[in-house]
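Novice: If you read the sequence shown in the working numbering, its first letter stands for residue 9, the second for the next number, and so on.
One thing to keep in mind: the hints can contain errors.
Label-pair distances were calculated between CB atoms; the ranges are [claimed, not checked]:
no., residue 1, residue 2, range
1, Ala139, Thr187, 32 to 40 Å
2, Met54, Gly138, 55 to 63 Å
3, Ala139, Gln161, 22 to 30 Å
4, Asp169, Phe90, 14 to 22 Å
5, Ala139, Asn92, 18 to 26 Å
6, Trp96, Gly182, 46 to 54 Å
7, Gly138, Pro56, 50 to 58 Å
8, Pro56, Ser132, 33 to 41 Å
9, Gly133, Thr188, 21 to 29 Å
Hints were generated in silico from the structure; no laboratory data involved. Values in this document were obtained by computation on a predicted structure and should not be read as measured data. Note that the Cβ used here is the ideal one computed from N, Cα and C, for glycine as well.
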Amino acid sequence: MKKIALALFSLLLANSAFAADNAVIVTPGVGVTMKSKDIGAGVQAMQPILSDASGNVLLTTLGADAVSNTLTGIPVYSRQLFFNGTTWDRWQGAIKAASGAFASGSIASGAFASGSIGSGAIASGAVASGAVASGAYASGSIASGAMVDLGSQADAACGTDTGTCSAIALIKRGNQTATTTATNTGAAIPVGTASIGQVGSDPSSGKATPTFAFLALPATTTTQIVALSGTKLTYVTSLMAFGGGTVNVTFKYGTGSNCGTGTTTLAGPYPLTAQAGFALGSGTGPVMIVPSAQALCITTDASVSGGVQLTYQQI
Numbered sequence: 009m010k011k012i013a014l015a016l017f018s019l020l021l022a023n024s025a026f027a028a029d030n031a032v033i034v035t036p037g038v039g040v041t042m043k044s045k046d047i048g049a050g051v052q053a054m055q056p057i058l059s060d061a062s063g064n065v066l067l068t069t070l071g072a073d074a075v076s077n078t079l080t081g082i083p084v085y086s087r088q089l090f091f092n093g094t095t096w097d098r099w100q101g102a103i104k105a106a107s108g109a110f111a112s113g114s115i116a117s118g119a120f121a122s123g124s125i126g127s128g129a130i131a132s133g134a135v136a137s138g139a140v141a142s143g144a145y146a147s148g149s150i151a152s153g154a155m156v157d158l159g160s161q162a163d164a165a166c167g168t169d170t171g172t173c174s175a176i177a178l179i180k181r182g183n184q185t186a187t188t189t190a191t192n193t194g195a196a197i198p199v200g201t202a203s204i205g206q207v208g209s210d211p212s213s214g215k216a217t218p219t220f221a222f223l224a225l226p227a228t229t230t231t232q233i234v235a236l237s238g239t240k241l242t243y244v245t246s247l248m249a250f251g252g253g254t255v256n257v258t259f260k261y262g263t264g265s266n267c268g269t270g271t272t273t274l275a276g277p278y279p280l281t282a283q284a285g286f287a288l289g290s291g292t293g294p295v296m297i298v299p300s301a302q303a304l305c306i307t308t309d310a311s312v313s314g315g316v317q318l319t320y321q322q323i
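All chains, please: the whole structure from these sequences, using the hints.
Specialist: And the structure:
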């Protein structure tokens with residue numbers, strides 16, 4: 009009897025060996041088939057199937073941006089996911105930082121290599137006013153040359169005031185101009201080359217005290233009153249003539265002795281009568297201008313007493 013019982017028990021053990029997929033039977037209550045995989049040697053690998061509360065299988069689906077994360081399924085994305093506050097979206101490769109998103113000191117010195125941020129990468133207005141706190145960028149954190157428009161410390165001064173150069177190159181250009189202006193302003197003004205506070209329309213206005221000259225009226229000859237001076241012009245700034253009798257006075261210029269070469273009438277003749285004459289100018293502007301490298305002379309047509317006096321500058 010005992011032998012028969014042992015034989016039956018052995019048969020039961022033999023029948024419970026797992027020989028095919030889905031062969032595990034759960035018998036409490038109504039029998040349920042558990043999905044499994046016979047992987048050999050009498051071993052079954054269980055194969056769980058994910059499902060929602062209603063038993064619907066959670067299928068692997070292609071994820072989409074801005075779609076509710078409560079949808080049935082397991083979204084699969086080719087990029088990392090970021091929660092935008094409402095839905096999970098794929099990483100798109102762009103950052104829109106809100107004001108205050110980066111705390112002071114959060115960006116380390118050297119975090120952005122020179123050229124890592126391309127021109128136009130940050131749209132105009134993308135960084136709100138006040139978004140970057142004072143001191144957020146430590147000294148040296150932005151490498152020289154990192155900003156193309158700003159330039160680098162090694163940039164040479166721009167060749168023109170309005171050239172398409174970097175900001176640093178234009179600043180250096182401005183510094184050069186300021187230095188040149190300061191140098192010229194501080195230098196002494198050479199005598200006879202410039203004037204301050206001109207009140208007339210010629211270079212002689214506002215100059216030092218003019219030179220005084222006098223000549224007694226010559227007797228029907230041409231006589232020099234102002235000698236030539238290199239390549240300079242002669243500016244007669246005042247003139248007075250008077251006669252002891254009737255005579256015509258003519259002003260001429262030329263080179264050589266007493267304007268003997270290239271003699272040219274400059275002004276006149278001016279008719280004078282006894283004990284009479286005329287006056288021109290006050291010393292602040294020219295009444296006559298003698299061409300450069302020319303002497304000034306006076307000619308009369310009668311032998312009378314009298315004379316001509318004048319003031320002049322040679323510039």
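Novice: Hint by hint, say whether it matches the structure.
Specialist: Here is how each hint holds up against the structure:
At roughly 38 Å, the beta-carbon separation of Ala139 and Thr187 lies within the given 32 to 40 Å, and the hint holds. For Met54 paired with Gly138, a C-beta distance near 59 Å keeps the hint of 55 to 63 Å intact. Between Ala139 and Gln161 the beta carbon distance is about 27 Å. The supplied range of 22 to 30 Å therefore holds. The hint said 14 to 22 Å for the Cβ distance between Asp169 and Phe90, and at roughly 48 Å that hint is violated.
For the hinted restraint 18 to 26 Å between Ala139 and Asn92, the CB-CB distance of approximately 19 Å keeps it satisfied. Take Trp96 and Gly182: their Cβ atoms lie about 53 Å apart, and the range 46 to 54 Å holds. The beta-carbon spacing between Gly138 and Pro56, approximately 54 Å, falls within the hinted interval of 50 to 58 Å. Range check, Pro56 to Ser132: about 54 Å between beta-carbon atoms, so the 33 to 41 Å window is missed.
Here the CB-CB span from Gly133 to Thr188 is close to 39 Å, at odds with the stated 21 to 29 Å.
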